[in-house]
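Enquirer: Here are the chains, one letter per residue:
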Amino acid sequence: MTEDSFKKTDSIPLKVRLKAPESSGSCCCQSDKILMKYSPGASWVTGSLSTAAGPVQKVSVKLQPSDIWGSVRMRFGFDRDNYRIEPGIYCVGEPDSSSPVLVTANYKMTFDSLRMELDGLNAWILVLDTKGINVWCAAGKGTFGTNELIDRISKVKLATIVTHRDIILPQLGASGVSAYTVTRQTGFRVNYGPVRAADLKEYIRNGMKADAGMREVRFNILDRLVLTPNELVSSVKPFLIILGILFLLNMTGIGHFGTVDLYALAGTIFIGTVLTPVLLPFIPGRAFSFKGWLMGMLWSAGVLLMNGFPQAPAFGWLTAAAYMLVLPAVSAYLALNFTGCSTYTSFSGVKREMELSLPPILISAAIGVVLLFTGMLLK
Amino acid sequence: MKHKYLRNVATLELDFEKCTGCGKCSEVCPHGVFSIVEHKAVIGNKDACMECGACSLNCPFSALSVKPGVGCAAAIIKGMLTGTEPECGCSGSSGSGCCS
Chain A
1 MTEDSFKKTD SIPLKVRLKA PESSGSCCCQ SDKILMKYSP GASWVTGSLS TAAGPVQKVS
61 VKLQPSDIWG SVRMRFGFDR DNYRIEPGIY CVGEPDSSSP VLVTANYKMT FDSLRMELDG
121 LNAWILVLDT KGINVWCAAG KGTFGTNELI DRISKVKLAT IVTHRDIILP QLGASGVSAY
181 TVTRQTGFRV NYGPVRAADL KEYIRNGMKA DAGMREVRFN ILDRLVLTPN ELVSSVKPFL
241 IILGILFLLN MTGIGHFGTV DLYALAGTIF IGTVLTPVLL PFIPGRAFSF KGWLMGMLWS
301 AGVLLMNGFP QAPAFGWLTA AAYMLVLPAV SAYLALNFTG CSTYTSFSGV KREMELSLPP
361 ILISAAIGVV LLFTGMLLK
Chain B
1001 MKHKYLRNVA TLELDFEKCT GCGKCSEVCP HGVFSIVEHK AVIGNKDACM ECGACSLNCP
1061 FSALSVKPGV GCAAAIIKGM LTGTEPECGC SGSSGSGCCS
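Taken in order, these protein sequences are the chains called A and B. For the first sequence, counting from 1, position 275 maps to 275 in this note's numbering; every step adds exactly one. For the second sequence, counting from 1, position 20 maps to 1020 in this note's numbering; every step adds exactly one.
Hints are supplied without guarantee of correctness; some may be wrong.
Listed below are the simulated DSS-like cross-link pairs for lysine-lysine, each with C-alpha atoms no more than 27 Å apart in a straight line [what the hints assert, rightly or not]:
id: 1; chain 1: B; residue 1: K1002; chain 2: A; residue 2: K237
id: 2; chain 1: A; residue 1: K351; chain 2: B; residue 2: K1067
id: 3; chain 1: B; residue 1: K1004; chain 2: A; residue 2: K351
id: 4; chain 1: B; residue 1: K1067; chain 2: B; residue 2: K1004
id: 5; chain 1: B; residue 1: K1040; chain 2: A; residue 2: K351
id: 6; chain 1: A; residue 1: K201; chain 2: A; residue 2: K62
id: 7; chain 1: A; residue 1: K209; chain 2: B; residue 2: K1002
id: 8; chain 1: B; residue 1: K1067; chain 2: B; residue 2: K1018
id: 9; chain 1: B; residue 1: K1046; chain 2: A; residue 2: K141
id: 10; chain 1: B; residue 1: K1078; chain 2: A; residue 2: K209
id: 11; chain 1: A; residue 1: K209; chain 2: B; residue 2: K1018
id: 12; chain 1: B; residue 1: K1067; chain 2: A; residue 2: K141
id: 13; chain 1: A; residue 1: K351; chain 2: B; residue 2: K1002
id: 14; chain 1: B; residue 1: K1078; chain 2: A; residue 2: K141
Treat the hints as calculated values from the structure; they're not laboratory data.
Given these sequences and hints, build the entire structure.
Expert: The structure is reproduced here in structure tokens:
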């Protein structure tokens, strides 16, 4: 790899959206039809390196405002199914045939979080087609998997690009990849690297050895906080539907919903989707729904206090009881949904939690709704 | 602060006879469930298991078994409603509208 072989490629439009005429909706299960195709003209591609297996795109290790803006959009859940790059081989720095090979997913945010940690490193990046899903979730689905890895190694002719036979996979890809099968079929030895890309350089420096800290997945307050906007955004639609129903009930004269109902519900949604996830380990209990329920109880007590309870109540005790039953049920359910975002809940655990919590949640909400209407009728 | 989820639910099993103590399980486990004691794997903290399936998939001696699945309520609800295996429908979070 000499300087001469490094040439800038012509710029081609940033993204080409290939949409088959029959494609309906944007389901990630059929997402082959809709593909955001990043070309060599993409802002994060800095050039091309010619190799025995053909030209390899060289990518920047610095994130640009457009990359960060893209991540922000993803965090809020906009067009998440289409934030992907083309699978294949890329590189950073000036790698040669002895440089390490890092394997990752084709979700653009995953790819970005990897390359931003590679400053000063010469390495190859093998991007698997995970349908725009991050490594861990894709491993769970099997797309960051044994077969895709074996196919991709042969498609990019990795054996002609490097002379060694080691590839580094993110540890969280292990639930989709059978390392010994890959080795048996391709000759490449799978080395499970650290959980976090930030530890990669140290891992490579240590001769591909990860210490216990590098191996353990964390879920700290910041990890949880960045996941909450998407939870909040996803609950906006059901919230608006409920508001629409309440409005219609008011119009027909059946309902007498007011500002208290509005902020009580809005606050509950915030508690279930943002506050409970953020405070997760600090809230007593093990089950997510219990944590959410507890927070909802505190909030409904707060709502009552704000409305003059217990001395000068602004509404009847029936309505108060209804709040105490409905609001915690809603926040418990929303908190239960955060299990999917967490890094430590098991299928058996969530199933058990649901068996235990869904019946009381539904009963509590149902009785609460009945009380709410009874309260209105008695008014 | 350490996260703790429900106790006594994980389906993780280790076949002591088949285990050679190669240590692959402790390498791939994201929650430090395993340790290697006297050339054999030991399940130290079974309640920390999140059933990701990495250990059983990477055990060259098929000594580990676990029913892998997603610990995601939204996926399980969807699975119950559609009668299919619960599958994570999105990039790790619920209700993104993907596949629903």
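Enquirer: When the hints from earlier in the document are held up against this structure, which numbers fail?
Expert: As far as the earlier hints go, 1, 5, 10 are violated by this structure, in ascending order.
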